[in-house]
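Participant: Residue strings, one per chain:
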Amino acid sequence: MPGHLLSRRRVVLLALAAGAVGVSLAIMAFRSHTAQATLPPPFQAAQGALSSTYGIEIAAAASTRDVTVTQQQALKSALAQMSRPLNALAEATLVTVTDTHYVNHAQPGGAPGAPVLANRLAWLVLIPNSSVPIVRPYKPGAPAGPGSYTATLAVFIDAHTGEFLEAVSLSS
Amino acid sequence: MKKMRPPILPRRLGRWTASFGAVVALVAGAGNAGAARSPCGATSNYFDGAWALNTDQYGASANIQPFKPAICGSSSFGAAWSMESGKAAADGWAQVGYGNFQGSYLVFSQWTQSYFGPYHTKYFAAPSGTAQYWVNYNFSNGHLYMNKGLTTLDQTTFDPAVSWTGPWIPEFLGETNHCESDVPGVAGNRVAYTSVKKMARDGTWSSISSLSLPTPDCTNSRYHRNWSVQPTSFQIYTDPL
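Order-wise, the sequence lines are chains V and C.
Using the numbering used here, the first residue of the first sequence is number 1, and each one after it goes up by one.
Using the numbering used here, the first residue of the second sequence is number 1, and each one after it goes up by one.
Please keep in mind that the hints were generated in silico from the structure rather than gathered at the bench.
Any given hint could be a false lead.
[Stated by the list, open to error] Label pairs and their computed distance ranges (CB to CB):
no., chain 1, residue 1, chain 2, residue 2, range
1, V, S171, C, A88, 16 to 26 Å
2, V, Q44, C, S74, 23 to 33 Å
3, V, S51, C, W227, 39 to 49 Å
4, C, P167, V, P40, 42 to 52 Å
Since we're looking at a predicted model, the values are computed, not measured.
In this text, a Cβ means the ideal position worked out from N, Cα and C, and glycines have one as well.
Please construct the entire structure, taking both the sequences and the accompanying hints into account.
Facilitator: This is how it looks when you write it as structure tokens:
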């Protein structure tokens with residue numbers, strides 16, 4: 001076989017091998033990019049209650065790109081917003097949040113519009129053992145009850161602006 | 001606790017720092033609060049405002065003027081709200097309004113199927129002006145919706161038509177959990193509830209002819225209310241502070 005044919009076959013084989021390596025690397029990169037990040041355990045427990053009680057869906061943020069608020073800043077902001085001591089026990093993780101119950105309407109009583117918070121990148125701050133006031137109805141003769149209940153407060157802080165988005169109580 | 005590298009983006013950090021500062025300033029006491037009495041006394045629930053018994057309706061709505069009431073201590077609150085409540089003592093409620101909760105001035109919603117809980121509370125940023133706070137029954141899914149203006153804040157996950165005694169009670173009140181804390185409003189700047197309405201079964205809204213103003217709670221007689229235009233508008237306030 002002529003030498004130039006052998007050489008051409010070698011070049012083709014090398015090109016195929018390089019292509020295969022390139023495709024593999026691309027697949028690995030894609031998988032890495034789209035991999036579902038996992039919520040830390042305390043936030044996994046909150047995830048179910050947020051969904052079933054308030055229609056709030058959260059997922060671990062897949063990327064920290066564009067995050068301008070640090071975890072410590074989010075913690076301080078959440079504690080201050082809820083009038084808790086700044087050294088109170090709390091933890092935060094980065095999530096995307098959609099609140100399906102918190103929606104705008106085009107007119108009173110009209111068809112539900114878009115969620116106010118839809119796939120918003122936010123810090124979810126959990127503040128355990130919080131006292132939450134019970135704002136009871138006017139009901140003369142009703143039995144006396146406790147004035148507050150103990151819950152974990154789940155506070156959402158916008159990861160771009162630091163804005164307080166909302167907080168909900170998760171009963172212990 | 002998950003650790004993250006702090007981003008090195010000074011320009012954006014500066015913008016965030018400004019936002020954080022605004023939040024801290026808000027929490028620190030901007031608003032209308034005067035000086036509540038101190039210390040806090042017995043804890044219970046104390047009311048000042050309006051309600052209507054035995055009226056067939058499925059929604060309660062009022063425009064409520066904002067006011068940050070003073071509170072007697074870090075465990076206290078003062079609030080103003082609209083509500084639908086079941087008639088039986090053990091029935092729960094769904095409400096929406098605003099208040100000074102333990103020092104945080106916030107819009108809130110709270111609902112519970114039973115008077116004894118569990119309770120479900122949401123908080124949002126402080127009110128910035130008079131707003132319509134209203135609760136309505138959604139005949140499509142059997143849930144009560146808690147709304148502020150054109151925004152639904154939350155909805156119940158149960159059907160009160162199944163679990164509560166009727167007719168439900170529409171309520172529009174200021175409330176504290178200590179007589180030493182203030183209901184929103186002062187003598188010179190009373191908090192106005194206007195366009196007080198109920199929703200009929202067909203979804204139309206109208207005034208509540210049987211709306212009444214019960215005697216405010218607390219033996220120290222600091223809570224007051226008066227009609228502006230009966231039965232659609234009234235005011236509440238604390239005096240003396």
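Participant: A separate judgement is required for each hint: does it hold in the structure or not?
Facilitator: To see whether the hints hold, each was checked on the structure:
Hint check: V/S171 to C/A88, Cβ distance near 22 Å, so the stated range 16 to 26 Å holds. The supplied range of 23 to 33 Å is met by V/Q44 and C/S74, whose beta-carbon atoms lie about 32 Å from each other. Under the hint 39 to 49 Å, the C-beta atoms of V/S51 and C/W227, about 44 Å apart, fit the expected range. For C/P167 paired with V/P40, a C-beta distance near 47 Å keeps the hint of 42 to 52 Å intact.
Checked against the numbered hints above, the structure breaks none of them.
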